[in-house]
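Trainee: What follows is the residue order along each chain.
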Amino acid sequence: MDLSFSAEHEAFRKEVRGWIAEALPPDLRQKAELDSQFSHDDTMTWHKLLHAQGWVAPGWPEKFGGPGFDATKRFILTEELELAGTPTLSPFGLSMVGPAIMQFGTPEQQERFLPKILSGEEVWCQGYSEPDAGSDLASLRCKAEDDGDHFVVNGQKTWTTYAQYADWIFCLVRTDANVKKQAGISFLLIDMKTEGVEAVPMLTIGNQPAFADTFFENARVPKANVVGQINAGWTVAKALLGHERTLLAFVGSSRRNLRRIKRIAAETSVGGQRLLDQPAWRGRIARLEIELEALRMANYRTLARAQLGKAPGPESSILKLRGTEIYQQTYELAMDLMGHDALSWFNEPGVIPDHEQWVGPQYCYQRAATIYGGSNEIQKNIIAKWILGLPSK
Amino acid sequence: MDFDLSSDQKMLRDTVASFVKKQSTVERFRKLREEGKGWEADVWAHMGELGWLSIPFPEDVGGFGASFVEVYLLLEQLGTTLVPEPYIPSVVLAGMAISKGGNAGQHDKFLTPMIEGQTSLAFAHAERGNRHEAGVVATTATKSGGTWSLSGQKVFVLNGHRADRLVVSANTPDGVGLFVVDGSGPGVTRQTVRTIDEQGAAIIGLDGAKVDDDRRLGEPGEATVALIEHVLDYGAAAAIAEGLGVCHTMLEMTKAHLKEREQFGRPIGIFQALQHRAVDMFVELELLRSMAMLAAMSVDSEDVHERRRALSAAKVKLTTSGRFIAQQAIQLHGGIGITDEHDIGLFFKRQLVLDKLFGDDVHHVQRFTDLPDFAERT
Chain A
685 MDLSFSAEHE
695 AFRKEVRGWI
705 AEALPPDLRQ
715 KAELDSQFSH
725 DDTMTWHKLL
735 HAQGWVAPGW
745 PEKFGGPGFD
755 ATKRFILTEE
765 LELAGTPTLS
775 PFGLSMVGPA
785 IMQFGTPEQQ
795 ERFLPKILSG
805 EEVWCQGYSE
815 PDAGSDLASL
825 RCKAEDDGDH
835 FVVNGQKTWT
845 TYAQYADWIF
855 CLVRTDANVK
865 KQAGISFLLI
875 DMKTEGVEAV
885 PMLTIGNQPA
895 FADTFFENAR
905 VPKANVVGQI
915 NAGWTVAKAL
925 LGHERTLLAF
935 VGSSRRNLRR
945 IKRIAAETSV
955 GGQRLLDQPA
965 WRGRIARLEI
975 ELEALRMANY
985 RTLARAQLGK
995 APGPESSILK
1005 LRGTEIYQQT
1015 YELAMDLMGH
1025 DALSWFNEPG
1035 VIPDHEQWVG
1045 PQYCYQRAAT
1055 IYGGSNEIQK
1065 NIIAKWILGL
1075 PSK
Chain B
452 MDFDLSSDQK
462 MLRDTVASFV
472 KKQSTVERFR
482 KLREEGKGWE
492 ADVWAHMGEL
502 GWLSIPFPED
512 VGGFGASFVE
522 VYLLLEQLGT
532 TLVPEPYIPS
542 VVLAGMAISK
552 GGNAGQHDKF
562 LTPMIEGQTS
572 LAFAHAERGN
582 RHEAGVVATT
592 ATKSGGTWSL
602 SGQKVFVLNG
612 HRADRLVVSA
622 NTPDGVGLFV
632 VDGSGPGVTR
642 QTVRTIDEQG
652 AAIIGLDGAK
662 VDDDRRLGEP
672 GEATVALIEH
682 VLDYGAAAAI
692 AEGLGVCHTM
702 LEMTKAHLKE
712 REQFGRPIGI
722 FQALQHRAVD
732 MFVELELLRS
742 MAMLAAMSVD
752 SEDVHERRRA
762 LSAAKVKLTT
772 SGRFIAQQAI
782 QLHGGIGITD
792 EHDIGLFFKR
802 QLVLDKLFGD
812 DVHHVQRFTD
822 LPDFAERT
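Chains A and B, in that order, are what the protein sequence lines are. No gaps in the numbering here: position 84 of the first sequence is 768 in the numbering used here, and each next residue is one more. No gaps in the numbering here: position 14 of the second sequence is 465 in the numbering used here, and each next residue is one more.
Wrong hints could be hidden among the right ones.
[What the hints assert, rightly or not] Below, a list of computed lysine to any residue pairs in the SDA-like style, where the Cα atoms sit at most 20 angstroms apart:
{"id": "1", "chain 1": "A", "residue 1": "K1077", "chain 2": "B", "residue 2": "F722"}
{"id": "2", "chain 1": "B", "residue 1": "K706", "chain 2": "B", "residue 2": "K807"}
{"id": "3", "chain 1": "B", "residue 1": "K706", "chain 2": "A", "residue 2": "L1072"}
{"id": "4", "chain 1": "A", "residue 1": "K1077", "chain 2": "B", "residue 2": "I719"}
{"id": "5", "chain 1": "A", "residue 1": "K922", "chain 2": "A", "residue 2": "P1045"}
{"id": "6", "chain 1": "B", "residue 1": "K706", "chain 2": "A", "residue 2": "K747"}
{"id": "7", "chain 1": "B", "residue 1": "K807", "chain 2": "A", "residue 2": "I1066"}
{"id": "8", "chain 1": "A", "residue 1": "K1077", "chain 2": "B", "residue 2": "Q714"}
{"id": "9", "chain 1": "B", "residue 1": "K710", "chain 2": "A", "residue 2": "K827"}
{"id": "10", "chain 1": "A", "residue 1": "K1069", "chain 2": "B", "residue 2": "E711"}
{"id": "11", "chain 1": "A", "residue 1": "K1077", "chain 2": "B", "residue 2": "E711"}
{"id": "12", "chain 1": "B", "residue 1": "K461", "chain 2": "A", "residue 2": "L687"}
{"id": "13", "chain 1": "A", "residue 1": "K994", "chain 2": "B", "residue 2": "D455"}
{"id": "14", "chain 1": "B", "residue 1": "K594", "chain 2": "B", "residue 2": "G626"}
{"id": "15", "chain 1": "A", "residue 1": "K715", "chain 2": "A", "residue 2": "Q1050"}
{"id": "16", "chain 1": "A", "residue 1": "K865", "chain 2": "A", "residue 2": "E806"}
{"id": "17", "chain 1": "B", "residue 1": "K461", "chain 2": "A", "residue 2": "D686"}
{"id": "18", "chain 1": "B", "residue 1": "K710", "chain 2": "A", "residue 2": "L992"}
{"id": "19", "chain 1": "A", "residue 1": "K1077", "chain 2": "B", "residue 2": "K807"}
{"id": "20", "chain 1": "B", "residue 1": "K710", "chain 2": "A", "residue 2": "G1073"}
{"id": "21", "chain 1": "B", "residue 1": "K472", "chain 2": "B", "residue 2": "D731"}
{"id": "22", "chain 1": "B", "residue 1": "K461", "chain 2": "A", "residue 2": "L992"}
{"id": "23", "chain 1": "B", "residue 1": "K551", "chain 2": "B", "residue 2": "E753"}
{"id": "24", "chain 1": "B", "residue 1": "K551", "chain 2": "B", "residue 2": "P564"}
{"id": "25", "chain 1": "B", "residue 1": "K706", "chain 2": "A", "residue 2": "W1070"}
{"id": "26", "chain 1": "A", "residue 1": "K1069", "chain 2": "B", "residue 2": "Q723"}
{"id": "27", "chain 1": "B", "residue 1": "K807", "chain 2": "A", "residue 2": "G967"}
{"id": "28", "chain 1": "B", "residue 1": "K807", "chain 2": "B", "residue 2": "G580"}
{"id": "29", "chain 1": "A", "residue 1": "K1069", "chain 2": "B", "residue 2": "F722"}
{"id": "30", "chain 1": "B", "residue 1": "K706", "chain 2": "A", "residue 2": "P998"}
{"id": "31", "chain 1": "A", "residue 1": "K1069", "chain 2": "B", "residue 2": "D731"}
{"id": "32", "chain 1": "A", "residue 1": "K747", "chain 2": "A", "residue 2": "S779"}
[As the list claims (entries may be wrong)] Computed footprint of chain B on chain A, listed as stretches where at least three residues anywhere in the stretch have a Cβ under 8 angstroms from a Cβ of chain B:
{"id": "33", "region": "711-724"}
{"id": "34", "region": "934-943"}
{"id": "35", "region": "959-971"}
[Stated by the list, open to error] Residues from chain B that keep clear of chain A, each with C-beta distances beyond 10 angstroms, as calculated:
{"id": "36", "residue": "D493"}
{"id": "37", "residue": "G516"}
{"id": "38", "residue": "P564"}
{"id": "39", "residue": "S595"}
{"id": "40", "residue": "P624"}
Hints in this document: simulated from the structure, not taken from any laboratory. Quantities reported herein were computed from a predicted structural model and do not represent experimental measurements. Quick reminder that beta carbons are idealized off the backbone N, C-alpha and C, glycines included.
Full structure from sequences and hints, please.
Mentor: Encoded structure:
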């Protein structure tokens, strides 16, 4: 057992850190400093800079235009980007539909879609959840009916994150209503410009239009856009969930928030004493830091296995569960440190310090972290069944 | 970065696992408890023959020269069945104090017989007034001619009631020193204290106990205080490792119970409220395992601040995760978990001891926040 990184990996970390310092445009750097919200344009600017550097899709193999980084390099790159507070790239193309197309798509689909995901020319969103199909995803009803070489799609998707900015949506649609519910689902790629497709943004409790309802009314979609076999979409979706789970440990983001927490505690004085010097606050900060340290070590264990090409161990299943909880707790502690400043809601600059502006909204919006990607309760069901071997009936 | 074990490490782990399964099951602990025996000298000697008592010591003092990772692997296994032999007090505490603080003659005289399993040791530092502070010692040592005279009281000395020799901290005119004192020497009184886990400890009274100067380990003062703190960190890493084994067994027993126990005509493990609780235990166990590894890899570190940071974080996790697992294990067992007849309570109580040894979460949160880079570090 050994905690150190190899010289090659240490050198890579240095290279990444140096590159970010050079490449991040001043306006984005300022937003990163203040934890402001990045706009869609900001995110795409950063996407394109990373693409030019060849790092936009660290996990993609060279065959599909990625750098083919090993697990440790991927981890280092992600950690450094998160620590620097750069815009988080949309995962829907790079981490979800991209890998799905690589694994299940035809050569024509790979050629058509992958380069534009890499370049950022086409932005993707995810059409899974429906008003009546959340945790029970397999009961989805949005249907795709056979019409020769096309499907005709009718129904509604919801919580489609940033659908208003997306060029394409990957959907789970019902292609056979007469079989066991998981067996009648297909994985379908739909152009958002198709007639009959409409995304209607809705405001979240964080005051951002992060979600949308996406409606399909007689939208005609070529059958060539099915990834994998028709009626085998559930297999594709399950493979994707595996990708997503390891994405959601948020170690770097939580570490960045910890830095923000210490900054707020250092810059806020009560009774003439900095909160950072008050034992009760120090204790709370330390306890959260220690929980984060334990998560980081669990993440390292997962990483070390992946680096050796081994299947994920039991520790990997806890990453999403614990990572999202800790991420939420970082915003919670930041809010508590701010006192009534935490209650300020989108005021003019100067009402509260600039770097505190986004804490309240993020505290609200990030309640989503324990819900998306398979709610934490669903994760627990999975661990209970597949790892602890507890009976399901 | 590598969390894999070498083939030697795997072999050690498997040998110890086989030992606890065949030669030291919980039934053995239960029997020793009933007979009031504590631990057995022949099992200790057997551990010596197997080389287990030599693991962390350098080869030039007759040790195996391994890292603390090997100790972690061994103690995790010993924790799974509550093996009561005094590995932590004898090897990890007093052994490391003598190994690191002593000279060649002292190694021969005090460490070698212990490594061979012929003697056992104890580390007498804790006092009513010092909890786990390394540099706070009320026991005094005064020198007259070539002989020291020690007076004071030590509490909760693990294996103190049985040890052949005690490594005692005492305040000299030059600062805190460490002395090797015969357990049954003149001026030493030992009161056996029954403990919650039934493994026992001692209150050691020192009333002008005479110690020759050649039994002083190193020079009193800052270096010795640093050594005591390091020894307590070794103790913490050891407690975390054993605690991991204890918690592992509690989760295994709970899982088995959830599968076997039937109510409402089906196994209770089918109920989601109980499933999710068991998952919460599993999550805490995996986090604790991650931190036990960190502790084992960090405790030898020469960088004192890194060592403190890692060990304090890991020890906090033992308290928080360990208590959660132990409490939920009882809860999920229901009424049977409250009976002495069921083994789960034995593990519950051992966890509590490990939780308190070498600093609980409050102590270690304090030490963690006292680190010089606490304000900036993320």
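Trainee: Can you name, in rising order, the numbers of the hints this structure does not satisfy?
Mentor: 2, 5, 6, 7, 9, 16, 18, 19, 21, 33
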